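Heads up: the sequence shown at position 367 corresponds to 367 in this note's numbering, and the numbers run straight through without jumps.
What the hints contain is simulated information worked out from the structure, not anything from laboratory work. Treat the numbers as computed from the prediction; the structure is a model and nothing was measured. Honestly, I wouldn't trust all of these hints.
Stated by the list, open to error - Derived SDA-like pairs (lysine to any residue); straight-line CA-CA distance at most 25 Å: (1) Lys255 with Leu276; (2) Lys99 with Ser318; (3) Lys255 with Gln81; (4) Lys497 with Ser294; (5) Lys485 with Leu141; (6) Lys99 with Val256; (7) Lys485 with Val98; (8) Lys312 with Gln353; (9) Lys375 with Val328; (10) Lys255 with Met243; (11) Lys278 with Ser318; (12) Lys312 with Thr272; (13) Lys312 with Ser325; (14) Lys99 with Val328; (15) Lys497 with Arg508; (16) Lys99 with Thr62; (17) Lys75 with Thr516.
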Amino acid sequence: MILDFPPELIQLVLLHCTTPAFLQIAFTCRALYEIASSCREVLVSHLLRTPGPPLDVSSLSTSDIFPVLRSRAVKQLCDSQYNANCIILECGDTRPNVKASSFAVYGDDTLVLFTCRDQQNVVHIFRAQHGQVALLGRVRLPWIRPGSAEILKTAFDGHDLVYILYRFIPDVEEPSSSPEHIFVKQARDFGDNGQTVYLTCHSLQAPNEPVRVCAFPEHGRSEPSALAVADGGAFAISWCHPMLSTHSVVYYTIKVGSEYDVAPDIVGFFHTPRLLHKWLGGPLVTEMAFNDRSSQLLYSYPAKSLYASFQKIDRAGSPTLYENSNPVDFTDDLSLLFSIGVPFFGTHETNTQNGFEVCRWRYLSLGIATHREEKWTVACLLRSEATCRARTCGHQMNLERGRRLQDWTVMARLWGFRDATDSSLGCRVAASRLGTRIAVANWDVIYVWALQPGALIDGDPEAYYDPSWRSTSTGQIELQPIVLKLDAVCFQLRFTKIENELVAITDRGIMLWDLTPSGRGSKSRRLLDVRDTIAWSWWLVSLIFGVD
């Protein structure tokens, strides 16, 4: 229908529409492409409105402007909302155990530790990368008595070991005259009829090595709501007793020399517990994560998009629990209390001041705040910085260190952010490796913002963003998202090593999104290989992890 108008009127429409709409119209047919790509005024207008480094357009011919505009638009994910491809990997007749499944990062690889509800003795390990979700192998739970298991949590130590927390429920059996195993005796002593929570450690690089296992007989009736693994074999578990409504977070370290043989290919070990926090009633800890070289422990609670509190566990005793709440000036006359996530981007530079070399560290992080009275919520990109003498500086980027800083400044706003006020799940937040993408999953919708972190952390001195991107009321840069409909509930979200590749664990299975605007908007469905077969695909392990 638009071709019924004269070319001059079509060019006027193209001049005043948004850049994504302009590109969609331009690629509708050859006639519209010729009109759109030949009008210099329209092309220059959209080029200047699209974020990018300063450019002297007077030196470009009209035919050269359109490719530059297209290149900039691709970086801003223009058209990705409609052209992004999605692979949906479902479980067939079974259902995913979303509370026990988790992500793991091994070098540059993004792994999915995936469990199913009716396969409670096996964890499937997939690798998501380059538009494929490939099965690496399967980890089986060890036990030496008849019974069933319920996988509760999975985690990865970042180096080699997969941790599986599960409850073993033995079959009802007659008393035996043979000596009981120490794990069995402990469970019976605690009055749980042999029902015990175990933690097993499985090596990715050496899957034929014995499985290491420890028991928590004193928590046989408790529910572990969160598991976090630190460097050096330490780990933390948040326990909740469903009847007494008591909560406790315990930090465990392995006792030196406590290993002993349980059965062929199974080695037991003992741990030393340290109570970090205990409370009655109150919020349930839904997630935990170690931070800053395992010196801190971060806590997440229901309906919270970012971690809500933290402890400095490198201190003796039961360390103080601090709230993740920092006052930040949202405008000149309004200060809000922001929850601030671990920084996702940082810079380091060394300069000379007063004859001394000084290093300046700057960090960019996501912050979320809600107005106490009016109850509206904003999500902003915040910057903080620190300086130190160059001779005492390690000169190595540690983004987790930036979480300690207190003085933050608003650099941009994520327009369109909606907090998950109606769901105890909260929002799932992910940032790409280079910091050019931020994704937020709110129940069954994913919002993705494209950004240039280097320009934002500098305050955009070179006008990378056109003035049209700034709020007329606050002067802040406002980033617009693309919106992806899942038709499923997202429980976990993560970017792979590729900036435009996003993987989600949902109640339907695993979803892999390719956000490249050159896609066709396809959604293909496949079946995950969740058959309960071999324990490990050894040749795949050798190929991926370099095992001889």
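Verification of the supplied hints:
no.: 1; hint: Lys255 with Leu276; result: 18 Å, holds
no.: 2; hint: Lys99 with Ser318; result: 28 Å, violated
no.: 3; hint: Lys255 with Gln81; result: 52 Å, violated
no.: 4; hint: Lys497 with Ser294; result: 23 Å, holds
no.: 5; hint: Lys485 with Leu141; result: 36 Å, violated
no.: 6; hint: Lys99 with Val256; result: 32 Å, violated
no.: 7; hint: Lys485 with Val98; result: 19 Å, holds
no.: 8; hint: Lys312 with Gln353; result: 33 Å, violated
no.: 9; hint: Lys375 with Val328; result: 17 Å, holds
no.: 10; hint: Lys255 with Met243; result: 31 Å, violated
no.: 11; hint: Lys278 with Ser318; result: 9 Å, holds
no.: 12; hint: Lys312 with Thr272; result: 19 Å, holds
no.: 13; hint: Lys312 with Ser325; result: 16 Å, holds
no.: 14; hint: Lys99 with Val328; result: 34 Å, violated
no.: 15; hint: Lys497 with Arg508; result: 24 Å, holds
no.: 16; hint: Lys99 with Thr62; result: 55 Å, violated
no.: 17; hint: Lys75 with Thr516; result: 9 Å, holds
The structure does not agree with the numbered hints 2, 3, 5, 6, 8, 10, 14 and 16 stated previously, though it agrees with the rest.
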